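K.L.:
Residue strings, one per chain:
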Amino acid sequence: MVLVFIDHQDGHIKKTSFEAASYAAKIAEVTGTTAEGILIGTVNDNVATLGNYGLTKVHTIADTALNNFDAHVYTKIIATAAEKADVIVFSNNTTGKAIAPRLSVRLKAGLISGAAALPDLSNGFTVKKTVFSGKAFANITVNTPKKIIALNPNSFNVITTGGTAEVVALNITPDEAKVQVVSTDLVKGEVPLGEADIVVSGGRGLKGPENWGMITELAELLGAATACSRPVADINWRPHHEHVGQTGLAIAPNLYIAVGISGAIQHLAGVNRSKTIVVINKDPEAPFFKAADYGIVGDAFEVMPKIIEAVKKLKAS
Amino acid sequence: MKILVCISKTPDTTAKIAFSNNNTKFETAGVQWIINPYDEWYALVRAIELKESDPTTILHLINVGGAESDPIIRKALALGGDEAIRVNSDTSDSFNIATQIAAIARDGGYDLIFTGKETIDYNGSSIGGMVAEILDLPYISHAIKFDLEAGNAVVVREIDGGEETDKSALPLVVSCQKGMAEQRIPNMKGIMGARTKPLKVVEAVTAESYTTIASFDLPPAKAGVKLVSAESPEELVRLLHEEAKVF
Ligand SMILES: Cc1cc2nc3c(=O)[nH]c(=O)nc-3n(C[C@H](O)[C@H](O)[C@H](O)COP(=O)(O)OP(=O)(O)OC[C@H]3O[C@@H](n4cnc5c(N)ncnc54)[C@H](O)[C@@H]3O)c2cc1C
Ligand SMILES: Nc1ncnc2c1ncn2[C@@H]1O[C@H](COP(=O)(O)O)[C@@H](O)[C@H]1O
Chain E
1 MVLVFIDHQD GHIKKTSFEA ASYAAKIAEV TGTTAEGILI GTVNDNVATL GNYGLTKVHT
61 IADTALNNFD AHVYTKIIAT AAEKADVIVF SNNTTGKAIA PRLSVRLKAG LISGAAALPD
121 LSNGFTVKKT VFSGKAFANI TVNTPKKIIA LNPNSFNVIT TGGTAEVVAL NITPDEAKVQ
181 VVSTDLVKGE VPLGEADIVV SGGRGLKGPE NWGMITELAE LLGAATACSR PVADINWRPH
241 HEHVGQTGLA IAPNLYIAVG ISGAIQHLAG VNRSKTIVVI NKDPEAPFFK AADYGIVGDA
301 FEVMPKIIEA VKKLKAS
Chain L
318 MKILVCISKT PDTTAKIAFS NNNTKFETAG VQWIINPYDE WYALVRAIEL KESDPTTILH
378 LINVGGAESD PIIRKALALG GDEAIRVNSD TSDSFNIATQ IAAIARDGGY DLIFTGKETI
438 DYNGSSIGGM VAEILDLPYI SHAIKFDLEA GNAVVVREID GGEETDKSAL PLVVSCQKGM
498 AEQRIPNMKG IMGARTKPLK VVEAVTAESY TTIASFDLPP AKAGVKLVSA ESPEELVRLL
558 HEEAKVF
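Chains as they are written, first to last, in the numbering used here: chain E, 1 to 317; chain L, 318 to 564.
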C-alpha cells in the first residue's frame with residue numbers, strides 16, 4: 001500500500017495534497033497496489049472526494065485537538081496508519097518537512113525529500129530529487145524496506161480519476177501535544193507563494209515600494225502570487241515571506257515573471273525550476289536573460305502598463 | 318542553559334555545480350567552502366544572542382564531517398560559542414548524520430538544539446526532525462523568531478501562506494531560517510579567540526545509512542531567450558497565451 005499524508009489548512013485540503021495523492025496513486029498503479037490517505041484533524045471538505053485523485057481509502061482522526069500541529073504527535077499517528085505501507089508520500093512543504101524526517105526515524109524508512117519525479121524501479125528504488133538549491137538533481141537510492149518521499153510542490157500534475165474514497169476512522173488515542181500552537185496568522189486573500197501557478201516578482205529595479213502597484217495589479221489579473229528579490233525584502237519594500245532565492249523560498253510555478261531583477265545566481269537558485277521564465281529588464285546584459293524563456297529589454301515603467309493593458313484585453317475577450 | 322548548534326559545510330552560493338566520475342561525484346576543485354548560510358546567519362547568531370543575554374549559557378557547536386570542516390568550524394567559533402565538536406564521519410546519508418548528532422546531544426544534556434532550515438547543497442530539511450525523533454524531543458521547524466519566556470520557548474514558524482506562533486517546553490529542537498537574527502561578521506577579537514577554543518574531534522558511532530546517492534544530473538539547458546521588442550509588449554502577452562499557454 002502507498003500512504004499519502006493529506007495536509008490541510010483553514011478547513012480545506014491543500015492543492016499540494018492533491019498533487020501528492022496523484023503521485024501516490026501513480027506509484028500504487030505501477031507497483032500493483034492501492035493508494036490510501038491519512039488526514040489528521042478536521043476539515044470542511046468532503047474527505048471521500050479524495051477518491052477523485054486515485055485514493056481508495058482515507059484514514060481519518062477527526063479530533064479538533066489535532067488541528068494543533070505537533071510534528072511529534074502527528075508522526076506517531078501516521079506511523080500507526082503506515083504499518084502496511086511500503087511507500088509513504090508527503091508534500092515537501094513546511095508541514096511535510098516537519099513530519100517526514102521524524103517518521104523516517106520511527107519507521108526506519110529512508111527519506112527522499114524534495115522529490116522531483118516518480119521513483120525509478122528498474123534497479124532498486126531510486127528517486128530524483130533537487131539538490132544545490134535547484135541547480136542540479138541527485139538520484140537517491142533508498143535501501144530500507146519502507147520508503148518515504150516528500151514531493152516538491154508544483155512538480156507533479158494533479159490527475160483526476162473520478163471515484164470516491166472509503167473513509168475510515170483510525171481508532172487510536174493520540175499523545176498529548178508538547179508544542180502548543182498559540183496563534184496562526186495567514187496572509188488572507190493572497191495566493192500562497194509556494195503553491196502558486198503564476199508568480200509576478202519585482203527587484204531593486206523598481207526603485208521603491210510605491211511602484212509595486214504594477215506588480216500587484218498584474219498578479220491580481222493573472223491570479224498570481226507576488227514575490228521579490230532579497231534586497232527588496234531586506235530594505236522592507238516588501239514583506240519577508242515574498243523573498244525567493246537561495247536563502248528565501250524556492251518555488252517552481254508554471255510562469256515566473258521577473259521585473260527589474262538582475263538574476264543573480266542566488267536569486268536563480270530559488271526560481272530556476274519555474275517552467276516558463278519571463279524577464280523584463282532594461283539592461284540587455286542582465287544575467288537573468290540567460291535563464292529566461294521570454295524577455296523584453298526595456299524600462300519596466302513603460303513596459304508594464306502596456307502588458308497590464310494587453311492582459312486586461314485578453315481577459316475581457 | 319546549554320545550547321547545541323549544528324553547523325554544516327556547503328559550497329559557496331556562487332560555486333559552479335559540476336560532477337565527475339561519471340556523474341557520481343560533486344566536483345570540488347576550485348570550490349570555496351562556507352558555513353551553510355542558515356546555520357551561520359540564523360541558528361548560530363540567535364544562539365549567540367541568547368548567550369549574550371544570559372552569560373551563564375553554554376554554547377557548543379557540532380559538525381559531522383572530516384578534517385576539511387575545520388576551517389568553517391573555526392570561523393563559526395570566531396562568531397561565538399564556547400567549544401566545538403567534530404564527529405569524524407562520512408556525510409552521505411541524513412539518518413547517519415542525525416545519529417551522530419543525537420549521540421553527542423544525548424550525552425551533552427542540551428536544553429536547545431538549533432539547526433538550519435536546510436543545507437543549500439543537499440536541501441534535505443531533514444536532520445533537525447531526525448535528531449528530535451531519535452531523542453524523542455519536540456521539534457519546531459522553519460523558525461523565524463525564537464524567544465525564551467519563563468523557561469519555555471516561544472517560536473514563530475513559517476507555514477504555507479503565513480506564520481504560526483508555537484509554545485513548547487525545553488528540551489527542544491528548532492530549525493532556523495531568515496528572521497531569527499541578523500548576519501554578523503566575525504571581528505578580530507573573535508578570530509583570535511577562536512584559535513584557542515577547544516575543537517574536539519570524536520569518532521563516529523556505528524550507524525546505518527538509509528540512502529545512497531546513485532548519481533547526479535544537471536537540468537537540461539534552456540533553449541535560449543525569445544526577445545520581444547519593448548515597443549510591443551502586447552506581443553509578449555500573445556506569446557505567453559498562445560505559444561507557452563501559461564494563461
Ligand atoms: C549568500 C547569499 C545569498 C543570497 N540569497 C539571495 C536570495 O535568496 N534571493 C535573492 O534575490 N538574492 C539573494 N542574494 C543577493 C543576490 O546576490 C543579489 O544581490 C540580488 O538578487 C539582487 O537583487 P535585484 O536583482 O533585485 O537587484 P539588482 O542587482 O540591483 O538588480 C536590479 C536590476 O533591475 C534592473 N533595472 C533597473 N531599473 C530598471 C527599470 N526601470 N526597468 C527594468 N529594469 C530595471 C537593472 O538592470 C538590474 O538588473 C544572496 C547573496 C548572497 C551573497
Ligand atoms: N554534516 C553536518 N554536521 C552538522 N550539522 C549538519 C550536518 N548536515 C546538516 N546539518 C544540520 O542540519 C540542517 C539541515 O540539513 P539537511 O537536512 O541536510 O538539509 C543544517 O542546516 C545543519 O544545521
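Treat the hints as calculated values from the structure; they're not laboratory data.
The structure presented is a predicted model; accordingly, all values stated were derived computationally and were not measured.
A hint or two may mislead.
[To be verified] In silico contact screen, one side only, chain L against chain E (beta carbon under 7 angstroms); selected entries: (1) Trp350; (2) Glu385; (3) Asp387; (4) Glu450; (5) Ile451; (6) His459; (7) Lys484; (8) Pro488; (9) Thr513; (10) Leu516; (11) Val518; (12) Pro537; (13) Ala538; (14) Pro550.
[Claimed, not checked] A short, non-exhaustive set of chain E residues, derived as facing chain L with CB atoms under 7 angstroms: (15) Thr60; (16) Ala62; (17) Asp63; (18) Thr64; (19) Ala65; (20) Leu66; (21) Asn68; (22) Thr94; (23) Gly110; (24) Ala117; (25) Pro145; (26) Val179; (27) Gly194; (28) Ser262; (29) Phe301.
In this text, a Cβ means the ideal position worked out from N, Cα and C, and glycines have one as well.
K.L.:
Any hints from earlier that this structure breaks? Give me their numbers in increasing order, please.
P.N.:
1, 2, 3, 8, 9, 10, 11, 12, 13, 15, 16, 17, 18, 19, 20, 21, 24, 25, 28 and 29
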